[in-house]
Structures are given as C-alpha cells and as structure tokens.
Amino acid sequence: MSGSELHLQTRMRWDGFTLDLDERLPLDGVTAVFGPSGSGKTSLLNLVAGFLRPTDGVITFNRSPWFSTSPKTWVPAHRRGVGTVFQDAQLFPHLSVRGNLDYADKRADRSAPGHAYSEIVDAMDLTPLMDRHPSTLSGGEKQRLAIARTLLTRPKILLLDEPLSALDTARKGDLLPFLETLKTQFNLPTLYVSHDVDEVSRIADRVIVLDAGRVVARGPTDEVLSRFGLEAGRNPYELSSVIEGIVQARASDSDLLEVKSGDASIWLAAGLHLEPGTQVQLKIAARDVSIALERPTGISIQNMIPATIQQIEASKRPVFQTLHLEINGQTLLATVTRKAVSDLALAPGQAVFALIKSATFNG
Amino acid sequence: MPDLSALWLTARLAFVTTAVLLIIGTPLAWWLAQTRSRFKPAIEAIIALPLVLPPTVLGFYLLIAMSPNAPFGGFWLQATGDTLSFSFTGLAIGSVIYSFPFMIQPLQTAFEGPVQQAMRTAASLRASRLDAFFSVAVPMSIRGFVTATVLSFAHTLGEFGVVLMVGGNIPDRTRVASIEIYENVETLNYADAHVLSLILLVISFLTLFCVFLFNKRFPAHVRL
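One line per chain: the protein sequences are E and D, in this order. Just so you know, we're using my numbering here: the first sequence kicks off at 1 and counts up by one. Just so you know, we're using my numbering here: the second sequence kicks off at 1 and counts up by one.
Because the hints were derived from the structure by calculation, they are not lab data. Hints may be right or wrong, so weigh each one.
[To be verified] Computed spacing ranges between beta-carbons, pair by pair:
| no. | chain 1 | residue 1 | chain 2 | residue 2 | range |
| --- | --- | --- | --- | --- | --- |
| 1 | E | Gln279 | D | Phe214 | 56 to 66 Å |
| 2 | E | Ala112 | D | Trp31 | 32 to 42 Å |
| 3 | D | Phe214 | E | Gly29 | 48 to 58 Å |
| 4 | E | Asn62 | D | Arg12 | 15 to 25 Å |
| 5 | E | Gln279 | D | Phe39 | 57 to 67 Å |
| 6 | D | Lys40 | E | Arg171 | 33 to 43 Å |
| 7 | D | Ala19 | E | Lys106 | 22 to 32 Å |
| 8 | E | Arg110 | D | Phe39 | 39 to 49 Å |
| 9 | E | Arg132 | D | Phe209 | 28 to 38 Å |
| 10 | D | Ala19 | E | Ala212 | 26 to 36 Å |
| 11 | E | Arg110 | D | Trp31 | 26 to 36 Å |
| 12 | D | Leu51 | E | Arg24 | 49 to 59 Å |
| 13 | E | Asp131 | D | Phe214 | 22 to 32 Å |
| 14 | D | Trp31 | E | Thr184 | 41 to 51 Å |
Backbone N, C-alpha and C fix where the C-beta goes; we use that ideal spot for every residue, glycine too.
If we strip away everything but chain E, and leave its shape as in the complex, we get (with noise of 0.2 Å):
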C-alpha cells in the first residue's frame, strides 16, 4: 500500500466557518484527527465518508476520484468503501445484535480482503451477546458491536469518530485494548477522531492538529502532541510532553522498569508486565518536571536526565514559564517560575538536568 493516499482539497464556507483543507494522508497506520470541539473535525469526516459534499475542490482515495468539480464527479458513499464508527456507536434498533452484524456482512464488498465473521466477532468478543437487543448492552459493548458491524462490510478505510467519548473513564480503559487489536490484527488504515491526548498518544502513528477548521500541525504523534502542547494555553489540556523509549530487560530485584530513551534511562514503578525491546511511550506532566544546573544529589527524585534548553516562552499564568528541553533529539517540556528562570540564569543552549517527578504509562 505504499504511496497510497487519500488527498483532500476543499475550501467550504459555511455559518461563519471556513473549512480550508489540502492534505494528503497516508493510506496505512492510524492517523489521528486532533483538534477542540468545533475546530471541523466532524466535517472532515464527513467529506471523506461521503455524508458532506464539498462545494469546491478534490477528494481522492488511492488514485481514484471520490469528489471533483472538473470533471464532475461525486462517489455517494454507500460506494466509498469507508467504514465509519460514529460516536454514539448507532445500531439499528429494530436489529439484534446478530442482526445488526447479518446487515454489514450481506452488503460486504466480496471483491475487497477481508476476515472471516467468526474471526471479527471472536476479537471483538461478541460472542455471549449474540442474542441480545442493542438496547441492553453497555456503552463499551455498543462501541464493539459498531467496531465488528463496520469491519464485516471490508471497508478500505476506517473512520473511528470519538468512539471512547460517549464512555467513562473506566470502561475506556476496557475498550482501549480492542482498539488496539482493531490496529494490530485488522491493519486497515484509520482516521481517529479524538480531543483526548491519552487516547491519541496510545493509538496513532501521526497527527493532524485543526484549529478553526485549518490544519495546524502535522507529523509523527510524539512530535506533534508535544508541539501541540506548546500551544496549550489555548487549549484546556494539562501541558503535558511525550517521550519515546524502548522497554529495558528488568533486573529481577527491582521493582522498578527501565524505559530508555537514546541514553537516558526513566525508571518507572510500574506493575505492567512488558517485554523487553518493547516501544513505549511515556507521557511527562510539564508540572512534574524540575531543572537542576547540577546533577543533584541527596534527593528523592529517581529520575535525573541531562538535557539541554532550546527555548524559554512565557506561560498562560504570568509566574510561570515554560521551558522546551531537547533530549536525545526529543522534547520534553517543563514549567517553572519565572523567579527561578531568573536566579539559576536559565538561558537557550544551556545544558541542565530535568528532574521528572513522574511519567505515566501510554502502552
């Protein structure tokens, strides 16, 4: 599937909004639509499904024309082949459960690869609910039933539009897990929308940032979340960086993991049981990482990595300043008070020790 890509080209008014899109997205991996509510997530998902129709401009899927004016073409989406998983999960309720499968798996696109029904319903663990009306089921088992439903048609893209939104916190972290067998054992590629950084962080392999219904940023997750949170005065998320590392083999006394990021290691006191060479990514409150000029000693601070300062910005609160720290060609943000930028003379090109209180696991 290599150099396969989904291009969209539009310019829409509409309401006051403009949506101004020219992107080009890769047609493998789990690309994640990122942005705060009304920033036109929903309507690029709905250009690429097929359910909004542009009044201007080129939308192609692998070489093939979906949506353009000259010549004029339009692709309805019952013909896309984009499997779309709404929000609210969307089962038909005069169907079982079965029955809402039975209805994706007779209108399939036969000539597309695809999995075995017995294979969709066993990995999204359907099985026991067979049975049941799409009324009595959970809101993370409504999620897996719409997951399988969209699976069974052999889509050729995956549109997953905030499938965790409707869930607390809990059963989140039950669905999570089959999102990522939906990545690993389907392999299809995948527009994620989502605002939650946890979420994106643990599934997407890039981002795109909108805002106002432009895109902001693009690139590799842990490049952009951490750009992202540059910006995240703006937004109501805790400023907060990703690092990534590989899992090192853990020393059968400790209770603690290695995760080593080109040569600093970040210890982490973490019950999961990870297998070493594993890649992980590691999520760093900007409020749990301190500077030191020195390697400090006498401290309680496990984790003590040197960095260098490439930048110092001033913080959404006046007292407080955020400082970008580049580690082995990554960032890691860290937010002091400007009184301590000023009696330690923290200044850009200045290697330091970033002292993290604490790092939260992303998988």
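Once you have looked at the hints, place chain D on chain E.
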C-alpha cells in the same frame, strides 16, 4: 334493518383513500422530514389546512374544481368520459385531500431525527438509499406507519361534510354511512340510525384500540 350498502361503500372508500394516501404520502412525508427548502413551512401549512377548515369550505372548492366547466373537471370528463363530481372517484379524491394531514404528520415525525441518522449509518454499511429506506427507515418507523394508516382510515370513516358537498347523496354511488345516518334522522327513522351509528362506533373504537395495543407491544421500535 338499515341499508348496509352504505356501510360497504364507506369501507371501500376508506380502503381506497388509505391506500392512495400511503402511496403518495410516504414520499412526501420523507421529503418533508429531510428537506431544508424554504418552501417547507408553506407546504406544511397547506397540508394541515383540512385540520382547521370547515369541511364544507373544502367541499365547496372541490365541487367547483370538479365541475365539467372547470379546467380539472373538464379534463377529467374528456379523459375518462365520466364526470368527477357525484362519482366514487370524486369522493375518493375529496377524501384523500381531507385526510392528508392524518397520513403525513405521523409519518413525517417518524422519519425525522434518528431515522435520518440511521440512513447515514446504513450508507456507511454500503446500503444504497433505496435499500436503506426499506431495510432501516421503514422498520424503524413502523409505529408511524401504523398510526398514520389507522388515523387516515378512521378519519375517512367519519367524514361527512366534504362527502356531502362533493358526492351528494346518491344511493350505492356516493351515499356513505355518515350520510345515511343523517338521512335516517331527517326522516325520523331512528331505529336504522341507531344500528348504523352503533356499528360505526364499534368499528372506530376497535381500530383505535388496535393502534394503542400495537404501540404498547412494540415500544422499542421507535425509541432509541
């Protein structure tokens, strides 16, 4: 014993009216449920008119339109060789117009909101619009269909003013049960009026009872 041919004529009229309304009302209600046309309020108002107009007003205009001297009535006479006024066909046309809101409004309500979203979902599962209409929209709107059908049927049974104006009072041709009752009362034949009235009362009650029974048994089909 009253003349039962009036009852038979009433039943035929109600069946024909309901069938015609289902055929033309379904696409119109569907269009109204999803259109963003600026003519929508005007069209909805026209459809609702029979609810508020005195049946005699509607009947009067219909009578004039059906007259062989009017363009529509004249065209009909030329095309079929029969006049529209004082005929069963004229009666059926009047009934269809008179009962229009009773078919359209329940269907339109049933087709709005969740059903429109379900049409998108069906499209994402590769169903064409026609396929999705019959496999998703119709089963999800089944209560709307039952309500609309029964209300149209029952409303036609109870028609009087429009029928009298358009059809007159011709035995076996346009004399429906409601007119027969009126005729019996006018001629002080209370016994026959009693029998016919009771039959209409029982039929109307049973029809409505069936709707409420159905709605009670299949609540999940409309609620999401």
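Tested hints:
1. Gln279/E to Phe214/D: 56 to 66 Å: Between Gln279/E and Phe214/D, where Cβ atoms are some 59 Å apart, the hint holds.
2. Ala112/E to Trp31/D: 32 to 42 Å: With a Cβ separation near 34 Å, Ala112/E and Trp31/D satisfy 32 to 42 Å, so the hint holds.
3. Phe214/D to Gly29/E: 48 to 58 Å: 50 Å, holds
4. Asn62/E to Arg12/D: 15 to 25 Å: 59 Å, violated
5. Gln279/E to Phe39/D: 57 to 67 Å: 60 Å, holds
6. Lys40/D to Arg171/E: 33 to 43 Å: The hint (33 to 43 Å, Cβ to Cβ) holds, given that Lys40/D and Arg171/E are roughly 41 Å apart.
7. Ala19/D to Lys106/E: 22 to 32 Å: 31 Å, holds
8. Arg110/E to Phe39/D: 39 to 49 Å: 43 Å, holds
9. Arg132/E to Phe209/D: 28 to 38 Å: 32 Å, holds
10. Ala19/D to Ala212/E: 26 to 36 Å: 54 Å, violated
11. Arg110/E to Trp31/D: 26 to 36 Å: The hint (26 to 36 Å, Cβ to Cβ) holds, given that Arg110/E and Trp31/D are roughly 34 Å apart.
12. Leu51/D to Arg24/E: 49 to 59 Å: Holds: the Cβ-Cβ distance is about 56 Å, inside 49 to 59 Å.
13. Asp131/E to Phe214/D: 22 to 32 Å: 24 Å, holds
14. Trp31/D to Thr184/E: 41 to 51 Å: Roughly 46 Å apart at Cβ, these two residues keep to the hinted range, so it holds.
Of the hints listed earlier, those the structure fails to meet are numbers 4 and 10, in rising order.
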